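Sequences are here, hints too, so could you generate the full structure?
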Amino acid sequence: MTGKEYRTITDVKGPLVFLNKTEPVAFGEIVSLRLSNGTIKNGQVLDTSDDLVIVQVFEGTAKIDREAGVTFMGDVFKLPVSTDLIGRILDGAGRPRDGGPDIVAEETADIIGAAINPYSRRSPHDFIQTGISAIDCCTSLVRGQKLPIFSASGLPHNDIALQIARQAKLTASDEEFIVVFCAMGITAEEYNFFRADLERTGALENAVLFVNLADDPAVERIITPRLALTAAEYLAFEKDYHVLVIYTDMTNYCDALRQIGAAREEVPGRRGYPGYMYTDLAMLYERAGLVKGKKGSITQFPILTMPGDDITHPIPDLSGYITEGQIVISRELHQAGIYPPINVLPSLSRLMGSCIGEKTTREDHKSVSDQMYAAYAQGRELRGLVAIVGEDALNERDKQLLEFSGVFEDKFLRQSRYEDRSIEETLDLCWTLMSSIDTKYLVRLDQKWIDKYHPDNRE
Amino acid sequence: MKNEGLIYRISGPVVTAINMKAAMYDVVRVGTEGLMGEVIELHGDKAVIQVYEDTSGIRPGEVVVNTGETLSVSLGPGLLTQIYDGIQRPLPTLEKEMGVFLTRGVDADAFDLEKIWTFEPQVAVGDTVTGGQVVGHVQETDTIVHKIMVVPGKGGVVKSIESGDFNVTQTICTFEDGSEMQMLQEWPVRTPRPYQQKYPPVIPLVTGMRILDFLFPLAKGGAAGIPGPFGSGKTVTQQSLAKYSDAQLVVYIGCGERGNEMTEVLDEFPHLIDPNTGKPLMERTVMIANTSNMPVAAREASVYTGITIAEYYRDMGYDVALMADSTSRWAEAMREISSRLEEMPGEEGYPAYLSTRIAEFYERAGRVETLNGEDGSITVIGAVSPPGGDISEPVSQGTLRIVKVFWGLDAGLARQRHFPAINWLNSYSLYPQSLDQWFRDNIAQDFPEIRIELSGLLQIESELQEIVQLVGSDALPVDQQLTLEVARMIREYFLQQNGFHEVDAYCDINLQYKMAKAILAFQESAKAAMASGAQLGDVVNVPSRSDLMRGRLNKGYIDTIDDMVKTMLDEIAATVEDN
Ligand SMILES: Nc1ncnc2c1ncn2[C@@H]1O[C@H](COP(=O)(O)OP(=O)(O)O)[C@@H](O)[C@H]1O
Ligand SMILES: [Mg+2]
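Chains A and B, in that order, are what the protein sequence lines are.
In terms of this note's numbering, the first sequence opens at residue 131 and continues consecutively.
In terms of this note's numbering, the second sequence opens at residue 26 and continues consecutively.
Check before you lean on any hint, since a few could be wrong.
[Unchecked claim] Simulated restraints on C-beta separations:
| no. | chain 1 | residue 1 | chain 2 | residue 2 | range |
| --- | --- | --- | --- | --- | --- |
| 1 | A | Lys-582 | B | Gly-558 | 37 to 43 Å |
| 2 | A | Leu-182 | B | Thr-57 | 20 to 26 Å |
| 3 | B | Ala-598 | A | Lys-578 | 28 to 34 Å |
| 4 | B | Ala-599 | A | Asp-586 | 27 to 33 Å |
| 5 | A | Glu-549 | B | Ser-557 | 55 to 61 Å |
[What the hints assert, rightly or not] Pulled from the structure, derived: some chain B residues nowhere near chain A, Cβ distances all over 10 Å:
| no. | residue |
| --- | --- |
| 6 | Val-52 |
| 7 | Pro-85 |
| 8 | Thr-92 |
| 9 | Thr-168 |
| 10 | Leu-209 |
| 11 | Lys-223 |
| 12 | Val-227 |
| 13 | Gly-481 |
| 14 | Val-601 |
Simulated from the structure, these hints should not be mistaken for laboratory data.
Since the model is a prediction, treat every value here as computed from it, not as a measurement.
Where a beta carbon is used, it is the ideal one built from N, C-alpha and C, also for glycine.
Quick look at the structure:
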């Protein structure tokens, strides 16, 4: 149902087009713009009234003039969905990018997505084993969780995300994940890296890719994650799949938001980002979870690069306020040659308590995790002190803890990109490493677990 | 002009209507789907409306109908155990109507209008009753008697009133002037309900959290702010307060936060027992869940919906505690709406009236004499989420100017897994002076003095720590080393309290006192022993001290602690002879 073509553009500013004297146009309606050279661009209505309509143009406004024809498409943005999506690569606006046919829609879904009724959620509790010790032991991931990777430029967050995508499995069942991958403004090189890896491991056949690269239209990035999540919701809640959504880089997404805010001359919030960025991000992140009466699930792994390595920057800050924890990548560990350079100290999984223990991982998991964390934290702190007073000033306990912090990084954190450690292996490794510390200093370990798992008592 | 107009403009949650008769805060129905909205600004012949549901797909020219009502909540038996969205629609009803995703255009009664309650009158025919006066009651849940009050401003000479079974819309009482009253009443959310007078706060809200009750107590009828960066423990603290504090009723507002946190509360509360009454927690709770991804205008309304419900139960003479997690998200909702109105912004883009709104909200807390002549209170505890954890921002500052209790959460403590991560050096409560008498009379004569000793030791510790950072602790004289050891005991044994531990999450106030005394007893005996030649290392390492400390994780600690302290003191005394 497409209507009449209007030639009533008055202003063009940044990614926005202003026009007047139109039919009653719906808020959020999809718009098609035809340029004098025949090019078609797409956009969406941001503001509508009897006199004035504001359209954000996904492909940017280059070459748009007052003569361009504007057609209102009669509906809000919808994505055709069907299980045919699986194995496909689409561009940032949902069109095939792999040379394949258009998606034959089983239904079409509004990409804004409706909020899940909080009363209708189910609490996540299935432990996902990633095979990465630092994550499995210290910030355990749960199916249905949204757990971002806080990284920074030049750090190996992509390797970590891919390793998780390759290795993620449930210990309790053999149900598999489908990966929905959403690229927002990443480089072609990064994308090829992801794609090649997914292809090589055969995961691509079980994945859906939405790809907006660095040289693709910036404003399109506003809709790319919404498309990806709409596909994910369809697969999870209509087709019972367990979906792992990886999206990268949220920082590019937020910058696109900022660009639109600026063009609308909105009053900016912190550092020029729109005041509604929290709500906007929540409308993406909150699309993770499990719901009553549906088998499938959506687990989200957003990746963001912290500008200036600053965790208080609005992008990581607002994300951290919404997501259920964060995995923080450390430049210092990376520079020390440790992969994966996960700093467990500021990392957190808020849902960890619900997924670990006797029934799901192992009875000693919590105790071990607390002790590993505490010992490492103390050891790290002592590094600072030693720099001032020298190692000789330390007492026996402190010497052991200091030494442990090195072992923790070298033996526990460090693993290869293809090393897939089971949770038992991870926990056993923890015991081996902690045995370098006198048991009387391991106050967070329950005696009964020491009796059962400490290497001294196992031989 | 008529009560019906047309949509002129749509900009996100803000819709402008033309040619419609409207007054501020009128409730309107927007568009062909009849979405609920509220008039928030008038401009010539234009009415600006904030819409409580998603507006995409709505077009200019669609109709807007003014209901002529103001945004109100429904009050009456059936509120307790409910979970609402920001505009008091029950989420279970929405699930029935819409499925698991919240679509739009559905109305829902706040509670079951058909349910039959057994009404017992408390006044007789011929009595004159006035607004706020109780005319009778029904048993709402096992623990809560729901008093039926005359709507403020109404009343008269009772013509008929009878006990019997009624639903909330049936007439239970008639007056000589021909007016009638039902159990269901409406109250506009933005208007505080009236009371006779405010009392000074002299009774603490006992929370079962040691750092709060002992060091930074909150009064019933008081207001507290909990600012903290993400992951520092705002939500866990608020949930602990909802679970364990000795309020008779709890209104819990999830304002612009995570969906799963509300699910957790919904899963947990029905199985939890109120330690103060032994009854299921849910029976004293009303929940409001307008999560971050739900419409922002409804988020803005959610705190008013919540506090109005709280006032209604306060007016029955109950002690109500209200938690709002997070007030920053409420403020951000105001900011979003305000920027759509193109208002002149104040600091950081927030509307200039931000601090007024914050103050007005917290002012609805208080211990009062109700219109019915009883004592009732609302204690408000608001979480604040400062960007980057920096509390110099407008919401934190607006809150701190008005609340008398500041529980400052600290990212560093959270990172050390010291929970609750409330910073004992910069947090404060301005209530101790007014509450000390209560603590003396009800817990122990020397309660206030013990508090001062504990906080003094923590203060000294922080000064000593600075020296330790430079020279190491071994360089300090032994008496100072002992002070550090005592302070460490305060932190690890007393202040730390795992909000998820099945025993220690809640600590009886009498037990808190015993634990505090145990620490001071340790200090005193250690000093004495060392004065008689005992070694610091021997004194602090007596095995019974770690038994004492670990004991708090076991049930029945309140009965065993005295003996454990005694054993510890004996062992410490023995370290003198060993030398
Ligand atoms: N009192 C507490 N006891 C134990 N753990 C806590 C406590 N407070 C916070 N935590 C831990 O910190 C995490 C974050 O707490 P939360 O209250 O969700 O933070 P915020 O609301 O400030 O973002 C929790 O998931 C939990 O692991
Ligand atoms: Mg929180």
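Discussion item. Checking each numbered hint in turn, tell me which of them this model violates, lowest number first.
Written reply: When the structure is compared with the hints, only number 7 turns out to be violated.
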